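Protein chains in written order, with the working numbering: chain A, 52 to 562; chain B, 3 to 315; chain C, 3 to 365.
Think of the hints as simulated: they come from the structure by calculation, not from any bench.
Small disclaimer: the values here were computed from a predicted structure and weren't measured.
A hint or two may mislead.
As the list claims (entries may be wrong) - Capping the alpha-carbon separation at 30 Å, the derived lysine-lysine pairs in DSS-like fashion look like this:
| hint | chain 1 | residue 1 | chain 2 | residue 2 |
| --- | --- | --- | --- | --- |
| 1 | A | K380 | C | K233 |
| 2 | A | K209 | B | K188 |
| 3 | A | K266 | A | K71 |
| 4 | A | K417 | C | K233 |
| 5 | A | K435 | C | K233 |
Stated by the list, open to error - Label pairs and their computed distance ranges (CB to CB):
| hint | chain 1 | residue 1 | chain 2 | residue 2 | range |
| --- | --- | --- | --- | --- | --- |
| 6 | C | A31 | A | G124 | 32 to 38 Å |
| 7 | B | I247 | A | G168 | 34 to 40 Å |
| 8 | C | L55 | B | S62 | 43 to 49 Å |
| 9 | A | P180 | C | R356 | 44 to 50 Å |
| 10 | B | Y116 | A | G445 | 55 to 61 Å |
| 11 | C | F147 | A | E328 | 38 to 44 Å |
| 12 | A | S64 | B | H312 | 23 to 29 Å |
| 13 | C | A37 | A | G445 | 43 to 49 Å |
Said to hold, decoys possible - Which bits of chain B does chain C cover? Going by a derived footprint, with three or more residues having C-beta under 8 Å, they are:
| hint | region |
| --- | --- |
| 14 | 80-91 |
| 15 | 95-105 |
| 16 | 229-237 |
| 17 | 278-289 |
Ideal Cβ positions, reconstructed from N, Cα and C, are used throughout, including at glycine.
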Amino acid sequence: MTGDVLLSIEGISKSYPGVKANDDVSFRIGAGEVHALLGENGAGKSTLVKMIYGLVKPDEGRMTLRGATYAPGEPREARSLGVAMVFQHFSLFDALNVAENVALGMDNPPPMRELAGRIREVSEGYGLPLDPSRLVGDLSAGERQRVEIVRCLLQDPKLLIMDEPTSVLTPQEVNILFGTLRQLAAEGTSILYISHKLEEIKALCDEATILRRGKVVGTCTPREKSAREMAEMMVGATLNAPERAAAEPGPVALTVSGLSVASPSAFGTSLRAIGFEVRQGEVLGIGGVAGNGQDELMLALSGEIRTAPDTVKLHGRGIGHLGPNERRKDGVCTAPEERLGHAAAPDMSLAENAFLSGSVRKHLTKNGFIDWTGTRAFAEDVVKTFDVRTPGIGTAARALSGGNLQKFVLGREIMQEPEVIVVNQPTWGVDAAAAAFIRQALLDRASAGAAVVVISQDIDEIMEIADRFAALNEGRLSEPVPTQGLTIDQIGLMLGGAHGMHEAEVHHAHS
Amino acid sequence: MDFYGINPAVLIASLMVASVPIMLAAIGELVVEKAGVLNLGVEGMMIMGAICGFITAVHSGSPMLGFLGGAAGGAVLSVLFILLTQVFLANQVATGLALTLFGLGLSSLLGQGYNGIKPPATKPLPFGPLTDIPFFGRILFSHDAMVYISIAVIAAVWAMLKYTRAGLILRAVGESHDAAHALGYKVVRIRVLAILFGGAMAGLGGAYVSLVRVPQWTDGITAGAGWIALAIVVFASWKPWRVLIGAYLFGGITVLQLNLQASNSFPIKIPVEYLAMSPYLITILVLVIMSSGRGRASLNAPAALGQNFHASR
Amino acid sequence: MLILERRPTPSRFWAWGTPILAVILTMIAGGLMFAILGKDPFEAIRTIFWDPLFNAQFAAYSRPQLLVKAAPLILIAIGLSLGFRAGIWNIGAEGQYIMGAICGAAVGLAFYPMEAWFIFPLMVVAGALGGLIWAMIPAILKTQFRTNEILVSLLLVYVAENILASMSLGLLRNPEGGGFPGSRNLGQYPSAANHELIAGTGMHWGVVAAFITVIASYILLQRHILGFQIKLAGQAPRAARFAGVSPNRLVILCMAMSGGLAGLAGMFEVAGPAGQISIDFNVGYGFTAIIVAFLGRLNPVGILLAGLLMALTYIGGELAQFMLGLPSAAIQAFQGMLLFFLLAVDLLSNYRIRVPLLIKEAR
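Okay, chain A solo, but in the shape it has when bound (with noise of 0.2 Å):
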């Protein structure tokens, strides 16, 4: 499979002001190869993929390309030389349609209606069907990663970037998606698979380079090695399973029923007619894949929506018509996904987005006035809980890394004590270290007496420490099930199965 050198990576090395991102990175891939770059969220494999596609310049180094020297000053370059790219976030244009989202990635795009042909004949000769005049905003998460894929194969790429694709699609949507890949692969396409996900690059990669802290810290043949093994190589420690004491879940804290909210953003989610239970002492998994209304869900739990009273019952009591402060009075704490913006205020310190949502329980005002003091130990007292690394409470939160400041953020709705917290996505873009030290945060708030809802479209994480898993698809729940037993067939046929397509074509896509 591996005849060849297409890309050579000879000693890359990248610095940003604090951080050196790549140090004397090197690697080769294959023509026809798939192949693996792993490494953890920060270890350096987005800047040394933007180094290849053109975006970032290295500081040292070099590359070459079927062994003629390769520096792209720019992605068109890059693209012109058969380098192209599927990005994990930022890419695509709402308001603009398929056909046009598609042109844009392209340096010499044929007229609109002959590109639309194409699209169409290239979409379905990769069992990733498309209507080219659908406007993207409507699209799924996995419809829309459908666009780039065809966006790039459309210029006949001979390598193919593909960063982290796979954190928005079902687990039959990722079979499908594996299926074109390995066929892109056979005609001759090299392909460097950007991923954290071992099993996926146990399935699918020829070669795989681990990074760690911007270095190579090892090279392997992902089919011989345990996940494992990986795992600690990528992470450099072994990790600890987080841990929680068995017990009975007691009455009944959280009830949602009937709740049905439009989406307050122009291409989001209406929920429909959710409804679902968490006991005391219980973790209820909510799972997902990206923009099926959980963002939605959240803003109705959080109150920041408001809905019918009966629609959220805290205890038996209606609270769908109040206000978030009026919610956390009575119990109910929730740490939205977005932790720079949302969650917390980014330019403010770490003391005035301790009062942000920690005035009411804590008892942070007197009169209208703010208590400064008993703010700023409240924010003393999450920090050092919560083993949150930062100069001090007057550092603002933007200057915290992203597990940090996450740590931060459940950190002040967990230290409220709540009787109900509701997290959505508490791990994500968070170091391993940091995840397993949130995740045994809420196994201990439950344990505590706590009704916890975790709102992630990591399966695995939600295998991990939810009792009871229901899945969020198109804004419908599905039936809360024990997550004990469940298998990743089921858990996928939850999330919806593959988005958009018919039986036959996911038939055609496995042959």
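Given the structure of chain A, go ahead and fit chains B and C onto it with the hints provided.
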């Protein structure tokens, strides 16, 4: 065919003239906003265009050179906006306000000694016998070049946004600068060009005020036309042909109220001040109607409008 | 080529350093402008910034004027700064100022010629209400119909100017004024006049109100939960909603405060320094106050200092017009320039500027 001494053909013809300044300024601002930039300095750029155009025309004796001078004046002021928002990443709202305040001051400084002078006359295009066609001749074939140019600019912007790659890229930048950057488009360069175009169009519109509409120089001559142009972009929900409709609507109200001020035979006597404030009140009313409509109209606003772009890692 | 690098935490040094740097840069650029106009730049700058305060000949007249001119600027700018902090852009303070003046004067004139202690307090209330109600138009349109408050508040300035013209020609015209436009002079009506409180200082009730407002808004922003919510809504609107802040309530409150303060400023002006309602009674304080608010970095103490500085440019500008024949428009351009430089150097508080070449050599 007169209503209380107001001839409909003359009314339509004069509303077409009255709408030129705001039409030009609004179509320029539409392009700027489509690129994701909110330039509230339209009023300042217009008045700079008004004085620069006026000075150029008076000294050269050529109205056409005057219009060019006006466009240059507006564009030069927009360079300040570019420096501040695209290079120094200053808040766009505040910078736009600064542009207006500075433009008002600077124009009145430049205009010292030009009060009371008549600029060279801008002549209607020679359409020969076409002008004499009853009713339509007066409406369609009696105007100076700028009336036709302003409509042509609308058509050109519409075609550019709808059919060209440049238009697609411009819309993409206004929709998400991060995505456009990731695809390798030069966000800042595209925005700079859009802002310069907006400045030139506002300046051109301003020059039309001082050279044709009034025609002379007084301080504060644009009298809020730039703000109305901004409102018309919202009214048009960022669609070029609707800018034309909005500008005609506003031009119509302006002309009508001026006619009512002059008319002696209209049965109800409305005080001059209340007629004079009517264009502003109606603009507010139109804004309310347009913004209250839920659905696609508000979706047309470019998603990245007013946000600064800084390429970080 | 320079590289901008975002600071993890905004610089405290540049928070205070930028306004000073902006003033210095404006003096340099302004000096150039004066030189182009054929005036000696050093003399012009001295006439504007030094002579009004320290020249033996003029200071006696100019110094009191400093407070007279600064008071309305500070009152309006404090109100505007609260809104600006919350991301609510009321730029129609000029209109609210006019409406406050009209309402305040109308109440006073309605009692003419009765003499009573309650007339002036009533005028104060009417003035504040006039500005507040005028500001409620864009506020309610924004909360009910999501109409852009920038455009509505600004367009209402032109409406207010026409109402002012109508009032001074009609309803409020002095019946004994021989047909000239303009109202009776409130300065000659003791119960309605906003007198100088301490002779020779320029101190009137408006100045007192401005000082009280500075202190109150300082406490509001530092200690009160409403101040926290204002700052939060401006910096991170979604976090504000998460913190339980109602955006509509904040729009109404901020517009009410800024409109009320602008109205108060107009009322104190018409009953004191201006004396009467006339067609051109407003001189653009509502717009200059925007510069004052930014120059003071939207901070109450900063606005106090910025208001005094801006008042100085008004007085100095008049002096320069009188002494050097410097056109008054030059001062307006000078003030606009100040805002430009301020916005430009503001970058320094959030970004660090680096020269890549030097960094490489330093290695």
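> Does K380/A pair with K233/C here, judged by a C-alpha cut-off of 30 Å?
Replying inline: It holds: about 23 Å lies between the C-alpha atoms, which stays within 30 Å.
>> Please check whether I247/B and G168/A have a Cβ separation lying inside 34 to 40 Å.
In response: holds (36 Å)
> Do the alpha carbons of K417/A and K233/C lie within 30 Å of each other, as the hint requires?
Replying inline: holds (19 Å)
> Is 55 to 61 Å a correct range for the gap between the Cβ atoms of Y116/B and G445/A?
Replying inline: holds (56 Å)
> Should the hint that P180/A and R356/C are 44 to 50 Å apart at their CB atoms be regarded as holding?
Replying inline: Once the Cβ atoms are compared, 49 Å apart, the range 44 to 50 Å for R356/C and P180/A holds.
>> Next pair to validate is K209/A with K188/B; report whether the Cα-Cα distance is within 30 Å.
In response: holds (25 Å)
> Quick one, are K435/A and K233/C close enough, alpha carbons at most 30 Å?
Replying inline: Judged against 30 Å, a Cα distance of about 27 Å means the pair holds.
> Between F147/C and E328/A, is the Cβ distance one that fits in 38 to 44 Å?
Replying inline: holds (40 Å)
>> Quick check on a hinted range of 32 to 38 Å for A31/C and G124/A, using CB atoms only.
In response: holds (37 Å)
> So does S64/A sit 23 to 29 Å from H312/B, Cβ to Cβ?
Replying inline: Since S64/A and H312/B have Cβ atoms about 24 Å apart, the given range 23 to 29 Å holds.
>> Taking beta carbons only, do three or more residues of the region 229-237 of chain B come closer than 8 Å to chain C?
In response: Satisfied; 5 residues make the cut.
> Is 43 to 49 Å a correct range for the gap between the Cβ atoms of A37/C and G445/A?
Replying inline: Check passed, 46 Å falls within 43 to 49 Å.
Going down the numbered hints, you'll see the structure goes against none, and every one checks out.
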